[in-house]
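*Asks:* The primary structure of each chain is shown beneath.
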Amino acid sequence: MPWNRIKVPIKSGRFLLQGDEAVADGAFCAGMRFYAGYPITPASEIITRVQDRFEESNEGVYFQGEDEIASIAACIGASWTGTKAMTATSGPGFDLMVENLGYAIFTETPMVIVDVQRAGPSTGQAARPSQGDYHQVRYATHGDYEIIVLSPWSCQELFEFGVRAFNLSERYRVPTIVLTDEAIAHLREPVEIPEEIDVFDREHDPEAPPFSFDEVDASPMPLLGDGKALLVTGSTHTEWGKRVTQDPEVHRKIVKHLIGKISNHISDIFETHEEFIEDADFVIASYGISARSGFEAMNRLRKKRIKIGFFRLKVIWPIWEKYIIQRFSNVKKVFVPEMNMGHLSSELKRILNCEIIPVTELGTNVILPEEIVKVVEENL
Amino acid sequence: MKKRFDIEINHDWCKACYICVKVCPRSVFDIAEKESHRGFKEVTPARIDDCIGCLMCENLCPDFAIEVEEIENAVEQN
Amino acid sequence: MKTYMEWIRTEFFPTAFCPGCGHGIILRAIAKACDELELDRDNVVFVSGIGCSGWIPSPYIKADSIHTTHGRAIAFATGVKLARPDFTVIVVGGDGDLASIGGNHLIHAARRNIDITCIMADNNNYGMTGGQYSPTTPKGSKTSTSRKGLSEAPFDVAKLVKSAGASFVARYTVAHFPQLVNSIKKAISTEGFSFVQAISTCPTHFGRRNVTQDPYEFIDYLKRNSVNIKNITSSAESMGKIIIGEF
Numbered sequence: 001m002p003w004n005r006i007k008v009p010i011k012s013g014r015f016l017l018q019g020d021e022a023v024a025d026g027a028f029c030a031g032m033r034f035y036a037g038y039p040i041t042p043a044s045e046i047i048t049r050v051q052d053r054f055e056e057s058n059e060g061v062y063f064q065g066e067d068e069i070a071s072i073a074a075c076i077g078a079s080w081t082g083t084k085a086m087t088a089t090s091g092p093g094f095d096l097m098v099e100n101l102g103y104a105i106f107t108e109t110p111m112v113i114v115d116v117q118r119a120g121p122s123t124g125q126a127a128r129p130s131q132g133d134y135h136q137v138r139y140a141t142h143g144d145y146e147i148i149v150l151s152p153w154s155c156q157e158l159f160e161f162g163v164r165a166f167n168l169s170e171r172y173r174v175p176t177i178v179l180t181d182e183a184i185a186h187l188r189e190p191v192e193i194p195e196e197i198d199v200f201d202r203e204h205d206p207e208a209p210p211f212s213f214d215e216v217d218a219s220p221m222p223l224l225g226d227g228k229a230l231l232v233t234g235s236t237h238t239e240w241g242k243r244v245t246q247d248p249e250v251h252r253k254i255v256k257h258l259i260g261k262i263s264n265h266i267s268d269i270f271e272t273h274e275e276f277i278e279d280a281d282f283v284i285a286s287y288g289i290s291a292r293s294g295f296e297a298m299n300r301l302r303k304k305r306i307k308i309g310f311f312r313l314k315v316i317w318p319i320w321e322k323y324i325i326q327r328f329s330n331v332k333k334v335f336v337p338e339m340n341m342g343h344l345s346s347e348l349k350r351i352l353n354c355e356i357i358p359v360t361e362l363g364t365n366v367i368l369p370e371e372i373v374k375v376v377e378e379n380l
Numbered sequence: 001m002k003k004r005f006d007i008e009i010n011h012d013w014c015k016a017c018y019i020c021v022k023v024c025p026r027s028v029f030d031i032a033e034k035e036s037h038r039g040f041k042e043v044t045p046a047r048i049d050d051c052i053g054c055l056m057c058e059n060l061c062p063d064f065a066i067e068v069e070e071i072e073n074a075v076e077q078n
Numbered sequence: 001m002k003t004y005m006e007w008i009r010t011e012f013f014p015t016a017f018c019p020g021c022g023h024g025i026i027l028r029a030i031a032k033a034c035d036e037l038e039l040d041r042d043n044v045v046f047v048s049g050i051g052c053s054g055w056i057p058s059p060y061i062k063a064d065s066i067h068t069t070h071g072r073a074i075a076f077a078t079g080v081k082l083a084r085p086d087f088t089v090i091v092v093g094g095d096g097d098l099a100s101i102g103g104n105h106l107i108h109a110a111r112r113n114i115d116i117t118c119i120m121a122d123n124n125n126y127g128m129t130g131g132q133y134s135p136t137t138p139k140g141s142k143t144s145t146s147r148k149g150l151s152e153a154p155f156d157v158a159k160l161v162k163s164a165g166a167s168f169v170a171r172y173t174v175a176h177f178p179q180l181v182n183s184i185k186k187a188i189s190t191e192g193f194s195f196v197q198a199i200s201t202c203p204t205h206f207g208r209r210n211v212t213q214d215p216y217e218f219i220d221y222l223k224r225n226s227v228n229i230k231n232i233t234s235s236a237e238s239m240g241k242i243i244i245g246e247f
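Residue numbers (our numbering), protein chains in the order written: chain A, 1 to 380; chain B, 1 to 78; chain C, 1 to 247.
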């Protein structure tokens, strides 16, 4: 069976970990044994931790690419040998990875990318947090596709999402992104490493075609070295990897597969953290670092007997519209704190009919609970 | 003791670039006067007895359309 | 049927190459080298990029192949080789693919001297997109993006890769078929990064504008215009010539 309950290969217990370390440990526990990356603030601590884990276990290979393009490419190459692979970067490096991210999507290559957001555009502010990559991680590369993006709000979740990202990536044969930010990545918090975790290993079938036209689910994956003369290509292809570059029907089929294998399983993928939604007239909706302040703001406002709820997206992509519409059916106003000019806000404006009020902060400081409380109170 | 060769041409793969015709040191090949159903003037090994088996035509054929094989028993018969 | 044909996916023939394109000759040279080395086909992985050269292994070589993004083949191959050091990993790319957009990956693979074989099918221009100039297009050449003659100087890619640290570097043309096969065999057998610059013919674009549109005349030109590095006694002898041999 692809699902296995395994004993974690590191010491379990409670440890004070930096976010970057936690995600590296989570990935290692999930079976990541190939890492390629290029130095970049604020993600550089990840390769350091990965090295520690690989060296102490005498397992795994890490590689410092000549750039981010090479790093993600090496991960894709390694993944086709059956090795769980990861890279980590920040905005400027993610920009460079986009080309091969598209390749990984089209070739249905499982792999994990950690994007530790910093303030952009361009070099921006390297050591300051941001949530400006919200849309970039979804719409980075050209063409139509679905992708999975997880958004942790704590070091504990960075560990857990390190595991979950690999599980989803292996399950759905899609590159999966852990979208965090400088504030959590450089934060130190107690992290509970469990004794056992559930791990999904891709369904390896040497006889299977490398690709699929199935509209509802991912397909098993053959590997390099299976002796089947695999054809893997980022051009439009048949199930057997034959390039078909002039046939609209084949292209439609393959793109529908890329979308269907994820959209049909959105209830398995999508995950939220909700408080007091049932009786809420107002909701603070957020994700990542800003949700921490949003949570505290909700508590303060609740003490003032304001009927406000809390809605946190643990998975920001794919976004489950039907579910959100249903959960927000009685909500009058939604406050959306985020460290950008209003990315989730714009999504919620698209999905919901109620009033959406952005609480934005740009690129320097984490939004404080009192700032959110103030905006809420002004708009009740 | 002259070696003899068999030259097989795959007309489905040939694109009529005529490298074989021009590279052959013994002018073994002829080009047809009329076009085939694929629109090519096909190559034929018209003077196959002149072939010395140098493999220039086979090795330089970009389309794997020529195969030169030595006829093994031919040496003894001569 | 010749035994090297076991390395060829004839089900995709005739090939997508233009009539007289030298890339088919390079395809044969690679298949012949693999066959003569008696490589275990199940442990050989070919990695290619974008452009005419990408078609050489993918789909025409019957072994595992990853047809990647433009210029990135070496980077993908690095991941494969690091994860599975027991695999024989062979990159096939073009001059634009490996020396222009992928130039950084090429020199860094040579610097690391990772055990990958890299074959550059060099047709002196971007054939697939209409014959634009590449980093190996000789100065003065007419291409679709240098109509009055190219003012830029080309890379000597073999020397570049050698000085970056590759274990084995050779350059031959498709007109030197046995030498080309031998150099590919040596490249695969050599530990560390090995690089074979295989000068190819593009009668459709580069040839038509600069040498000849006739496939055979083009091959003959390569033969006549090449000089072996071992036979060069003065720089005057190699002026304007293609220097072939092992570097």
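Since the hints were made in silico from the structure, they are not lab data.
Bear in mind the structure is a predicted one, so any value in this text is a computation, not a measurement.
Misleading hints may appear alongside valid ones.
[Stated by the list, open to error] Okay, derived cross-link-like pairs now, SDA-like style, lysine to any residue, Cα gap no bigger than 25 Å in a straight line:
1. B:K22 to C:T233
2. A:K242 to C:R209
3. A:K228 to C:M1
4. B:K22 to C:F13
[Stated by the list, open to error] Derived contacts from chain B toward chain C, CB cut-off under 7 Å, selection only:
5. I7
6. I9
7. W13
8. K15
9. K22
10. P25
11. E35
12. I52
13. C54
14. N59
Each residue gets a CB set at the ideal place from its N, CA and C atoms; glycine is no exception.
*Asks:* Next, verify each hint and record whether it holds.
*Replies:* Status of each hint after checking the structure:
1. Taken as a hint, the K22 (chain B) and T233 (chain C) pair is broken in the structure, with Cα atoms around 33 Å apart against an allowance of 25 Å.
2. Distance hint between K242 (chain A) and R209 (chain C) is unfulfilled; the C-alpha atoms sit about 33 Å from each other, more than 25 Å.
3. The suggested pairing of K228 (chain A) with M1 (chain C) holds, with an alpha-carbon distance near 22 Å, which does not exceed 25 Å.
4. Note on K22 (chain B) and F13 (chain C): the hinted pairing holds, with a Cα-Cα distance of about 23 Å set against a maximum of 25 Å.
5. Given hint, I7 (chain B) at the interface with chain C, is violated; its Cβ is 13 Å from that chain's nearest Cβ, farther than 7 Å.
6. The interface hint given for I9 (chain B) is violated, since its Cβ lies 13 Å from the closest Cβ of chain C, which is over the 7 Å cut-off.
7. Hint status for W13 (chain B) relative to chain C: holds, with the closest Cβ pair at about 5 Å, below 7 Å.
8. For K15 (chain B), the interface hint holds, since its Cβ comes within 7 Å of a Cβ in chain C; the closest pair sits about 4 Å apart.
9. About 4 Å separates the beta-carbon of K22 (chain B) from the nearest beta-carbon of chain C, less than 7 Å, and the hint is met.
10. Annotation: interface hint on P25 (chain B) violated; nearest CB of chain C at approximately 13 Å, more than 7 Å.
11. The closest approach between the C-beta of E35 (chain B) and any C-beta of chain C is roughly 14 Å, which is over the 7 Å cut-off, so the hint fails.
12. Hint status for I52 (chain B) relative to chain C: violated, with the closest Cβ pair at about 16 Å, above 7 Å.
13. Look at C54 (chain B): its Cβ only gets to about 11 Å from chain C, farther than 7 Å, so that hint breaks.
14. With its C-beta approaching chain C no nearer than about 4 Å, N59 (chain B) sits inside the 7 Å limit, and its interface hint holds.
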